[in-house]
Amino acid sequence: MNGLVHGAVYGGVIASVLLTTIAFGIWFERKFAGRMQSRLGPTIVGPFGLLQSVADVVKLLQKEDIVPRDADRPLFDLAPVLAALFSLGVAAVVPFSPTIIASDLDVGVLYILAVGGLMVIPTFMAGWASNNKFALIGGMRAIAQSVSYGVPLVLAVLVPVILSGTLSVSGIVTYQANHHWFLTWPVFIGVPAFAIYYMAMLAESNRIPFDIPEAESELVAGVTTEYTGAKFTLFYMAEYVHTLVGSAVGAALFLGGWDGPFAPGLHWMVLKTLVLFTVVYWVRWSLLRLRSDQLMVLCWKWLTPIGVLLVLGAAAWVQFVPGGFQ
Amino acid sequence: MEMSEAHAVLASARRARVDPHLSIKTYDPEADMMLLHFGPQHPSTHGVFRMDLHLDGEIVVKATPYVGYLHRAVEKLCEKLSYVMLTPIVDKNDYVAPMTNEQALNMAFEKLLGVEVPRRARWLRTILAELQRVASHLLWLGTFTLDLGGALGGGSTLFLHCFRERELILDLFEDLTGARFHYNTHTIGGNRHDLPAGFAAKVKQVVAVIEARLPEYAALSLDNGIFKARTTGVGVLDGDLALELGITGPVLRASGVDHDLRRDAPYHAYDELPVNVVVGHGGDCRARAEVRFAEMRESLRLVRDAIDGVPEGPINGYKPIRQPTMAKSTGGQVYVGIETPRGELGTFVIGGGDTPTSPYRLKIRPPSLHSLSALPYILPGQTVSDAVAILGSLDPIMGEVDR
Numbered sequence: 001m002n003g004l005v006h007g008a009v010y011g012g013v014i015a016s017v018l019l020t021t022i023a024f025g026i027w028f029e030r031k032f033a034g035r036m037q038s039r040l041g042p043t044i045v046g047p048f049g050l051l052q053s054v055a056d057v058v059k060l061l062q063k064e065d066i067v068p069r070d071a072d073r074p075l076f077d078l079a080p081v082l083a084a085l086f087s088l089g090v091a092a093v094v095p096f097s098p099t100i101i102a103s104d105l106d107v108g109v110l111y112i113l114a115v116g117g118l119m120v121i122p123t124f125m126a127g128w129a130s131n132n133k134f135a136l137i138g139g140m141r142a143i144a145q146s147v148s149y150g151v152p153l154v155l156a157v158l159v160p161v162i163l164s165g166t167l168s169v170s171g172i173v174t175y176q177a178n179h180h181w182f183l184t185w186p187v188f189i190g191v192p193a194f195a196i197y198y199m200a201m202l203a204e205s206n207r208i209p210f211d212i213p214e215a216e217s218e219l220v221a222g223v224t225t226e227y228t229g230a231k232f233t234l235f236y237m238a239e240y241v242h243t244l245v246g247s248a249v250g251a252a253l254f255l256g257g258w259d260g261p262f263a264p265g266l267h268w269m270v271l272k273t274l275v276l277f278t279v280v281y282w283v284r285w286s287l288l289r290l291r292s293d294q295l296m297v298l299c300w301k302w303l304t305p306i307g308v309l310l311v312l313g314a315a316a317w318v319q320f321v322p323g324g325f326q
Numbered sequence: 001m002e003m004s005e006a007h008a009v010l011a012s013a014r015r016a017r018v019d020p021h022l023s024i025k026t027y028d029p030e031a032d033m034m035l036l037h038f039g040p041q042h043p044s045t046h047g048v049f050r051m052d053l054h055l056d057g058e059i060v061v062k063a064t065p066y067v068g069y070l071h072r073a074v075e076k077l078c079e080k081l082s083y084v085m086l087t088p089i090v091d092k093n094d095y096v097a098p099m100t101n102e103q104a105l106n107m108a109f110e111k112l113l114g115v116e117v118p119r120r121a122r123w124l125r126t127i128l129a130e131l132q133r134v135a136s137h138l139l140w141l142g143t144f145t146l147d148l149g150g151a152l153g154g155g156s157t158l159f160l161h162c163f164r165e166r167e168l169i170l171d172l173f174e175d176l177t178g179a180r181f182h183y184n185t186h187t188i189g190g191n192r193h194d195l196p197a198g199f200a201a202k203v204k205q206v207v208a209v210i211e212a213r214l215p216e217y218a219a220l221s222l223d224n225g226i227f228k229a230r231t232t233g234v235g236v237l238d239g240d241l242a243l244e245l246g247i248t249g250p251v252l253r254a255s256g257v258d259h260d261l262r263r264d265a266p267y268h269a270y271d272e273l274p275v276n277v278v279v280g281h282g283g284d285c286r287a288r289a290e291v292r293f294a295e296m297r298e299s300l301r302l303v304r305d306a307i308d309g310v311p312e313g314p315i316n317g318y319k320p321i322r323q324p325t326m327a328k329s330t331g332g333q334v335y336v337g338i339e340t341p342r343g344e345l346g347t348f349v350i351g352g353g354d355t356p357t358s359p360y361r362l363k364i365r366p367p368s369l370h371s372l373s374a375l376p377y378i379l380p381g382q383t384v385s386d387a388v389a390i391l392g393s394l395d396p397i398m399g400e401v402d403r
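Chains as they are written, first to last, in my numbering: chain A, 1 to 326; chain B, 1 to 403.
Only part of the chain B face toward chain A is listed, based on derived beta-carbon distances under 8 Å:
(1) Met34
(2) Gly153
(3) Ser156
(4) Thr157
(5) Ile226
(6) Val388
Hint data in this document are derived by calculation from the structure and do not stem from the laboratory. We put the CB at the ideal spot given by N, CA and C, even for glycine.
In isolation and in its complexed conformation, chain A is listed as follows (with noise of 0.2 Å):
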């Protein structure tokens, strides 16, 4: 019952939280694009634009709902409320400081990557549902996209889980603030594994140069052209949480998540999570799309063989490196 109750406070708290950051993380990317594309972003609504989510969601929440006429009504409904469940469902286990964390599971890390992976089928739902072959496309391209990138992702997430000895992913974070962050010792397996880590998260949460599910240019809006309203809030909000959370767990696999000298944890994994976070919109901002094949051989011939080469390279650090596993 205790746990129950905590784990409520604490998941309410966090996915409070997640919301609000995320109402001001899109502030802050349209500013950030807005100065890379020598323009300014957001400034009426609110001091310096600030409260322009606010606007933009009590927009589409006023937009008529459509519903095509031969969609398959309870999946087409279903789908993005299931996107915002899985993508905030994922927090739960990230640690934000010794003590906030909603729900410390010895198998955190499997629980991300399930959690994590299911959030295709909310995809797919939509692009089948829709009736639409525009968003029939893009939940192809959704499927092949995820179920490819699964396997760099947890090749790459592997990693730490056998430098640490540990699934629980507070106990990964333990271990690099008692011994060394992962990113910089050892070195030569931990810079390609977060990068590998990173590539596929950014394709996870369909981010260019990955996006091509919703490829707005080709697909019209891929998987969400055919929603409207609060569902496509709803698909837009999962979008970011589940970018915002996969920077979150790539801080604390690989950056020593709340580790840092001279200011209390939370600060330290949240400065860390805003980091990645910030450089997901800078890559997207700046670079062009893949196309879908090109994706397919990125992941199959360059970050799989390399994931199991570094999962090997971890197994034998550990067996054969003094002191390298405690």
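We have chain A; now place chain B onto it with these hints.
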């Protein structure tokens, strides 16, 4: 021969001819194909263009382009209005390069009416045409990367930067003509507006700014790994096929055919200001991009060379026309083709008829229409993503395609 028999013979002849749509190796009528209506309401069809794509998975098996959604009966309108009223009408044809539209039309009228253009006006037209070429290619580069990178991504970054530089050129045009877009500055026999004071210095400044920034744009596009992967070997157009389809301009030169009306049939002041024609090789999207990049540099060089040497003299060799009835043609027909940013823009005029003050018939040959005719040949075998890239690389402007 019986009528039905004749029909049968015709039909079999038609069947025996190789249909470009059906001769594709990947075409299998038994396979499950999806018909995707691509446009006219689509974010990256560059206006209201429509393609019907038969898809096998994501591979295009057959592509059928449809044009005509922007038809405005410009040619018919030209038969009703008098010669001097037509310049602002054709401004709207190729709305990305209105300067060259005006020039093509007025050059045809000058040839029909036998009007000599003074040397200063010819130099002025050259400078305007080349500046317009840079502006048009900048807009092309922006929209092409939009097609490759999405409106919510790196594509829009380059897009907005290209627009920033294009603004500089539009500012120059505004200084000269008072309008940013639909200038109405060319008339029969010359130009309406002379160079304002300090124009040459401004032009040189703008040219320097754009020349300095082109390498940055190349870094974001030509030299970018993803751009290379998306364009190399995509949409290969054979030079012979391009010639047969009547394709001109950068698309033809990217296919390795050395053809440029500015050098091959000089008009304006191109006989005094020789152009180094840029010829690409490969005929893929990347070659088209490289050709347009090099053409921007070449045009900037040409403008820089020309702006100091503009000769003194009148800018109009014709008595300024105050009344529409003053320009009259008793007959005859002429064709004038000039090299616009998109290729050979031809204007064919028959004079005379019942109303001597307006053309009896006016036909415009838009280069974009011919570029689009390559689509059924080069799209099959490519993916949907490539289809967008290929369409963008052809740089079609629906305003001139449909007229």
